[in-house]
Amino acid sequence: MDVSHEHLLAQLAVTLVNLRDTTSLPLRLCQAARTLLDAEGTAMTLSTLDGIRLVVAATDDLASALEDVQDLTGEGPSFAALDSGVLEVAHLGRGSDADEPWPLMRARSSRLGFMGALLAIPLKLDDQVMGVLSARRSDGPTSTVEQVGSFLGTALTAALLQDAELGLDPLAHPSSWPAQAEIHQATGMVVAQVGVLPEDAMSLLRGHAFAQDTTLADVAGQVIAQQISFRHFTVEGD
Amino acid sequence: MDVSGAAHALARASASMTDHHDVSGGLAALVRSCVVTMHVDSAGILVGASGELEPVSSASHGSAELDLLHAQVAEGPCVDAFRTDTAVEVVGRENLLARWPTYASTMIGSGFEAVLASPLRWQHRSIGALGLFRRADVSFSAEDIVFAQAFADMATLLILSTEGPSTEALAERLDSVLSDRIAIEQAKGVLAERHGLTMAAAYDRLVSGAVDHHAPLATWAVQVVRDALRSPDELDLPPA
Numbered sequence: 064m065d066v067s068h069e070h071l072l073a074q075l076a077v078t079l080v081n082l083r084d085t086t087s088l089p090l091r092l093c094q095a096a097r098t099l100l101d102a103e104g105t106a107m108t109l110s111t112l113d114g115i116r117l118v119v120a121a122t123d124d125l126a127s128a129l130e131d132v133q134d135l136t137g138e139g140p141s142f143a144a145l146d147s148g149v150l151e152v153a154h155l156g157r158g159s160d161a162d163e164p165w166p167l168m169r170a171r172s173s174r175l176g177f178m179g180a181l182l183a184i185p186l187k188l189d190d191q192v193m194g195v196l197s198a199r200r201s202d203g204p205t206s207t208v209e210q211v212g213s214f215l216g217t218a219l220t221a222a223l224l225q226d227a228e229l230g231l232d233p234l235a236h237p238s239s240w241p242a243q244a245e246i247h248q249a250t251g252m253v254v255a256q257v258g259v260l261p262e263d264a265m266s267l268l269r270g271h272a273f274a275q276d277t278t279l280a281d282v283a284g285q286v287i288a289q290q291i292s293f294r295h296f297t298v299e300g301d
Numbered sequence: 213m214d215v216s217g218a219a220h221a222l223a224r225a226s227a228s229m230t231d232h233h234d235v236s237g238g239l240a241a242l243v244r245s246c247v248v249t250m251h252v253d254s255a256g257i258l259v260g261a262s263g264e265l266e267p268v269s270s271a272s273h274g275s276a277e278l279d280l281l282h283a284q285v286a287e288g289p290c291v292d293a294f295r296t297d298t299a300v301e302v303v304g305r306e307n308l309l310a311r312w313p314t315y316a317s318t319m320i321g322s323g324f325e326a327v328l329a330s331p332l333r334w335q336h337r338s339i340g341a342l343g344l345f346r347r348a349d350v351s352f353s354a355e356d357i358v359f360a361q362a363f364a365d366m367a368t369l370l371i372l373s374t375e376g377p378s379t380e381a382l383a384e385r386l387d388s389v390l391s392d393r394i395a396i397e398q399a400k401g402v403l404a405e406r407h408g409l410t411m412a413a414a415y416d417r418l419v420s421g422a423v424d425h426h427a428p429l430a431t432w433a434v435q436v437v438r439d440a441l442r443s444p445d446e447l448d449l450p451p452a
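Note that the protein sequences, when read in sequence, are chains A and B.
The first sequence begins at 64 in our numbering and counts up by one.
The second sequence begins at 213 in our numbering and counts up by one.
Looking at chain A on its own, in the form it has when it is part of the complex (with noise of 0.2 angstroms):
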């Protein structure tokens, strides 16, 4: 199937339209995205200049679940399309090919039950990428995937920007702060706890759900629930 720029571009506009004022914009984008895409689920991942990565919309559970095993292994398709700008696939459940890219971030994943195609689209301006919209599809990319990748990563970021909030205001959509916002709160009890700089307070959480096998969202809430404090905390070897 021939996939023109003006018929996405209208799907876009068609999709967008009829989701106007039901939700926030980084998840009406997410939204449109999964449409245009035939996916089952999307997430969209900003970055700061820094390289902070911030999970800002995600269509469902399992989309924010395997951006917080890209948060915890540090690779996978969402880091790689960051640093390449162009679209970069992960075939996720295969078993242990040891051609595939990212074994760390493959193995964390199958746990989650989902097997399929995790493919992580550039959000780009100009030749500037801004964060990555990651789908997943059990069938694997549809054919028109680039095309119709290349064209969202545009279409995608040009409507973004188009809030100067980037439909994060708090006060405009108290739902639309996703549940990242745990992580850096966690992060901030762990800065107070232990007065290390906010980089490393977010590398302890992630080094202790890696070895506690869980994910950086569950340590996150166990810290704000006061069920970890990493007061005393030491990490063996010190």
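Just so you know, not all the hints are guaranteed correct.
[Stated by the list, open to error] Far from chain A by the CB rule (all over 10 angstroms, computed), these chain B residues:
| # | residue |
| --- | --- |
| 1 | V248 |
| 2 | H273 |
| 3 | R305 |
| 4 | E306 |
| 5 | S317 |
| 6 | G323 |
| 7 | S338 |
| 8 | Q398 |
| 9 | T431 |
[Said to hold, decoys possible] Covered stretches of chain A, going by a simulated chain B footprint (3 or more residues, C-beta under 8 angstroms):
| # | region |
| --- | --- |
| 10 | 104 to 112 |
| 11 | 186 to 198 |
| 12 | 247 to 254 |
| 13 | 258 to 267 |
Rather than coming from a laboratory, the hints here were simulated on the basis of the structure.
Every residue gets a Cβ at the ideal spot worked out from N, C-alpha and C, and that includes glycine.
Once you've looked at the hints, dock chain B against the given chain A.
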């Protein structure tokens, strides 16, 4: 409505934004495409300047068509769409006269009996409106309304893209929005930990701290996190 034609027109407009373009030329092409693909008889764009609407583009410069736009000083469909930031559709002489007594007589006098006005939206407000006019009193379909808004959105992008911020400026803005949000969440965590507060109470405390110190919220949040670095609340830290 001619869906594929409308889609094509939108795509052409988006392509012209990436070239170096002239705004008037782009808008003129856009309103002409509207007339052809949306099956309307006239179309025009008005943009708000210090509270009043100024016509910036019209599908035709016939006197009747120009009157449709110029007459919308105090009232009219584009004025309403602009002020309320929502699409306005009115069909039929009686309805028109009931809604805009003065404007409707100009519109009907020029031979038009149905109108759909869509706001040009930019960052939660409206910068103008796109008006589509029909001579026959034929209603607009749900699909017409969706596409009219897409044309209006495209017109907004065309108007603002010339004076819009550079890529670098947009990248910086994105960075600062994200960094601010992260700092605020971290500061909530710091305050929650130090004072045994819930995250909601920590946020209130952060906000009142910023007010007391006459600092922007994000700046104050960064300060709160820095303070925690200098003096973690744990006094019996193990020796480094």
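- Query: Okay, the region 258 to 267 of chain A and chain B, do three or more residues pass the C-beta test at under 8 angstroms?
  - Reply: With 4 residues close enough to chain B, the hint holds.
- Message: The output says B/G323 does not contact chain A. Does that hold with a beta carbon cutoff of 10 angstroms?
- Response: holds, 30 angstroms
- Item | chain B over the region 247 to 254 of chain A, status - at least 3 residues with CB closer than 8 angstroms | Contact hint for the region 247 to 254 of chain A vs chain B: holds, 8 residues under 8 angstroms.
- Message: If we take the beta carbon of B/Q398, is the closest beta carbon in chain A still more than 10 angstroms away?
- Response: For B/Q398, whose nearest Cβ neighbour in chain A is about 4 angstroms away, the distance does not exceed 10 angstroms, so it is violated.
- Compute the least Cβ-Cβ separation between B/H273 and chain A, then decide whether it is above 10 angstroms. For B/H273, whose nearest Cβ neighbour in chain A is about 28 angstroms away, the distance exceeds 10 angstroms, so it holds.
- Beyond 10 angstroms from every chain A Cβ - status for B/V248: Holds, because the least Cβ-Cβ distance between B/V248 and chain A comes to about 15 angstroms, which exceeds 10 angstroms.
- Query: Beyond 10 angstroms from every Cβ of chain A: is that where the Cβ of B/R305 lies?
  - Reply: Holds: least Cβ distance 29 angstroms, greater than 10 angstroms.
- Item | Nearest-CB test (10 angstroms) between chain A and B/S338 | holds, 13 angstroms
- Item | Whether B/T431 stays farther than 10 angstroms from all C-beta atoms of chain A, as the label says | Answer for B/T431: holds, closest chain A Cβ roughly 16 angstroms.
- No chain A beta carbon within 10 angstroms of B/E306's: holds, 29 angstroms
- Item | Least C-beta distance from B/S317 to chain A larger than 10 angstroms | Holds: least Cβ distance 33 angstroms, greater than 10 angstroms.
- Quick check: the region 186 to 198 of chain A, covered by chain B? Criterion 3+ residues, Cβ under 8 angstroms. Answer holds; 4 residues pass the 8 angstroms Cβ test.
Hint check: a violation occurs at hint 8 only; the rest are consistent with the structure.
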